[in-house]
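Undergrad: Each chain, written out:
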Amino acid sequence: MRVIFKNSYDNDINLFEDRVHLLKYAVLLLAALVMPWVISAYYVGELTSVLIWSLAGLGLMLIAGHTGQVSLGHAAFMAIGAFSHLALMLRGWPFVPALIASGVVTGLAGALIARPLGRMSGIYLAIATLALSIIIEDVAIVATPITGGIAGLFAPPIEFFGLMIDRYGTPRAFYYLCLTVLIIVTLGYANLLRSPTGRSFLAVRDSEVSARALGVNVPRAKTVSFALSCGITGLAGALYAHQAQAVNYESFLVLISITLLLQVVVGGLGSMHGAFFGAFVVVLLPQTISMARSFINTNTPFNLGAYPGMDTAVFALIILLMIIYEPRGIYGIWIRLRTWLELFPLYRKGMFRRTRTYLKTERMR
Amino acid sequence: MDILQLLISGIANGCIYGLLALGFVLIYKATEAVNFAQGDMLMLGAFLGITVINSNYMDMPFLAGLIAAAVVMGIFGYLLDRLVLRGIFGQPQFAMVILTIALGFLLRFFAGVTWGYDPISLESPFAGRILELGDLTIPMVDAVIIVATVLLTTSLYFFFARTRLGVAMQACSQNQMAAYYMGIPVKRVNAIVWALSGVVAAIAGVLFAAKGAIEPSTGLIFGIKAFAAAVIGGLGSLPGALAGGLLVGVVEPFASRYLPSGFGPIAPYALMLMVLVLRPGGLFAQIKQKKV
Numbered sequence: 001m002r003v004i005f006k007n008s009y010d011n012d013i014n015l016f017e018d019r020v021h022l023l024k025y026a027v028l029l030l031a032a033l034v035m036p037w038v039i040s041a042y043y044v045g046e047l048t049s050v051l052i053w054s055l056a057g058l059g060l061m062l063i064a065g066h067t068g069q070v071s072l073g074h075a076a077f078m079a080i081g082a083f084s085h086l087a088l089m090l091r092g093w094p095f096v097p098a099l100i101a102s103g104v105v106t107g108l109a110g111a112l113i114a115r116p117l118g119r120m121s122g123i124y125l126a127i128a129t130l131a132l133s134i135i136i137e138d139v140a141i142v143a144t145p146i147t148g149g150i151a152g153l154f155a156p157p158i159e160f161f162g163l164m165i166d167r168y169g170t171p172r173a174f175y176y177l178c179l180t181v182l183i184i185v186t187l188g189y190a191n192l193l194r195s196p197t198g199r200s201f202l203a204v205r206d207s208e209v210s211a212r213a214l215g216v217n218v219p220r221a222k223t224v225s226f227a228l229s230c231g232i233t234g235l236a237g238a239l240y241a242h243q244a245q246a247v248n249y250e251s252f253l254v255l256i257s258i259t260l261l262l263q264v265v266v267g268g269l270g271s272m273h274g275a276f277f278g279a280f281v282v283v284l285l286p287q288t289i290s291m292a293r294s295f296i297n298t299n300t301p302f303n304l305g306a307y308p309g310m311d312t313a314v315f316a317l318i319i320l321l322m323i324i325y326e327p328r329g330i331y332g333i334w335i336r337l338r339t340w341l342e343l344f345p346l347y348r349k350g351m352f353r354r355t356r357t358y359l360k361t362e363r364m365r
Numbered sequence: 001m002d003i004l005q006l007l008i009s010g011i012a013n014g015c016i017y018g019l020l021a022l023g024f025v026l027i028y029k030a031t032e033a034v035n036f037a038q039g040d041m042l043m044l045g046a047f048l049g050i051t052v053i054n055s056n057y058m059d060m061p062f063l064a065g066l067i068a069a070a071v072v073m074g075i076f077g078y079l080l081d082r083l084v085l086r087g088i089f090g091q092p093q094f095a096m097v098i099l100t101i102a103l104g105f106l107l108r109f110f111a112g113v114t115w116g117y118d119p120i121s122l123e124s125p126f127a128g129r130i131l132e133l134g135d136l137t138i139p140m141v142d143a144v145i146i147v148a149t150v151l152l153t154t155s156l157y158f159f160f161a162r163t164r165l166g167v168a169m170q171a172c173s174q175n176q177m178a179a180y181y182m183g184i185p186v187k188r189v190n191a192i193v194w195a196l197s198g199v200v201a202a203i204a205g206v207l208f209a210a211k212g213a214i215e216p217s218t219g220l221i222f223g224i225k226a227f228a229a230a231v232i233g234g235l236g237s238l239p240g241a242l243a244g245g246l247l248v249g250v251v252e253p254f255a256s257r258y259l260p261s262g263f264g265p266i267a268p269y270a271l272m273l274m275v276l277v278l279r280p281g282g283l284f285a286q287i288k289q290k291k292v
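Protein chains in written order, with my numbering: chain L, 1 to 365; chain X, 1 to 292.
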């Protein structure tokens, strides 16, 4: 068990607690860099998907996990990011400015929407954002000059300082591109959370009344959080467009919004790690299920038919069990496991027992 | 005349939305949870109705089949609360949202495996029959739906306003702890509310299946639309839910008729967003600011 000795208040907000902590992340980064050379091209593609969904999950985590405003419509912002990015690239913008611009555009769109939405809370907000996600599907058809109408848009190849990056041609280069964007955003996110702005988000999440009493400008905090969250999700949308090669109104259905929320919940709401864990589950689960099915079919007397929608059902079952038994998601399990290892013989059973609360009405807030 | 015709079909549609919204409001009113699987419960109720009523399955008379489906869904709702939802009793509202979303996925998968993915419609005694009022022709189904909705809503309204159980449900929703201290069996009341909303979902489902075809994914989009209805009315108000449902039902056909194409399907949501922006608590708002 390590004891961290703090000799200044600033130590509390260090990104890394100590050398060991830093070393762990360095090893993780190294593993992420080496990975594409170890596994086959197909799995590099899958891993890239994990990175992109982690990015989208981070975006949602900021608003849902750290500001406490549940959004069921983040696929809409992925759509805005993807379409604005492709529209700019097709008009001759280079990749990097177009990517940044798409993030900014989505962030502005988020800020614009956050003003009226910020007055709602809880369930009303969730439903309003859900409606937004449905509306964007139809808007994507109507706004033909930008979105290409029903046919949608095809992603042009990325040219990066003379280097051509293509999802199929050079999967490793595309992987590194996504990794770079993800690392930049993750560092920015971690820094944001230790800044006054990030702290005000947490205050708003825990209690709006107390946050206001402490001098937090609640509408402003919500707007900023929404804008940043949407901006990050927009970046994920832009990268997703390159990953999928083509996007149209069907690429960002309501179900994607819902899956994204389930992703951050299964990962662990309120922790940055959760977005990453959740992305692994969402992307790799269908793969695992089909592998498990073929294993059972060949090695046991049972024969499982290929039911359509099986992976969503299994995913839903995981969520169900997770909410009942471990509401803090995979991150919660990880924390418990880590504590058990650190304290090895001294771990006691009730250490992470949840406190029972009684429901208080939301109609008085 | 054309407008009147459109209005009546809109009202009949709106009644189904209203009934479904009623299911949301019931649960919200009593447990302050929002059931995102309500649309899927409607779908399940409709499929149950088809199973007991259609001639190629069990071939029961319509009314008996309706009651059977309602009873089964009532039991389903009760067991759902006892076996699944009680596990998160006392957790924040958000947990319930996620849980019911996941539940909806499971119900859709179950229905798809059991009844297949092709749309099926219900054989009802009033299929194809019409009612003539002057120049107006009203399909019999629409008339039945409107009457059934009015009956159900009034009885639920009086149930909440006048009976001991109804008042107990309202008390639970306002403050579980205080309700418990007053001797209300909070957990049992919750289970009864879920059963009741199952019954309402089954009735709405059977009526809907009599009007149009049903398939496993019907519940999702339908549920979201009914949600819009419930929110427009202000979650937690029974007359509001019905009014919201009617509004959504009426706006839809008119928008697709008189607005440029592409705007019809989004009209209900645009309406809802507008209502939420202007009155964040819905038309019959129930939210009050807390005083510290």
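To be clear, the hints were calculated from the coordinates, so they are not data collected in a lab.
Only a predicted model underlies this, so the values are computations on that prediction, with no experimental measurement involved.
Even glycine gets a Cβ: it sits at the ideal position worked out from N, Cα and C.
Careful: at least some of the hints might be erroneous.
[What the hints assert, rightly or not] One side only, chain L facing chain X, incomplete, derived with CB under 8 Å:
#1 I127
#2 I135
#3 D138
#4 V265
#5 L343
Undergrad: Name the hints, by number, that the structure is in violation of.
TA: 5
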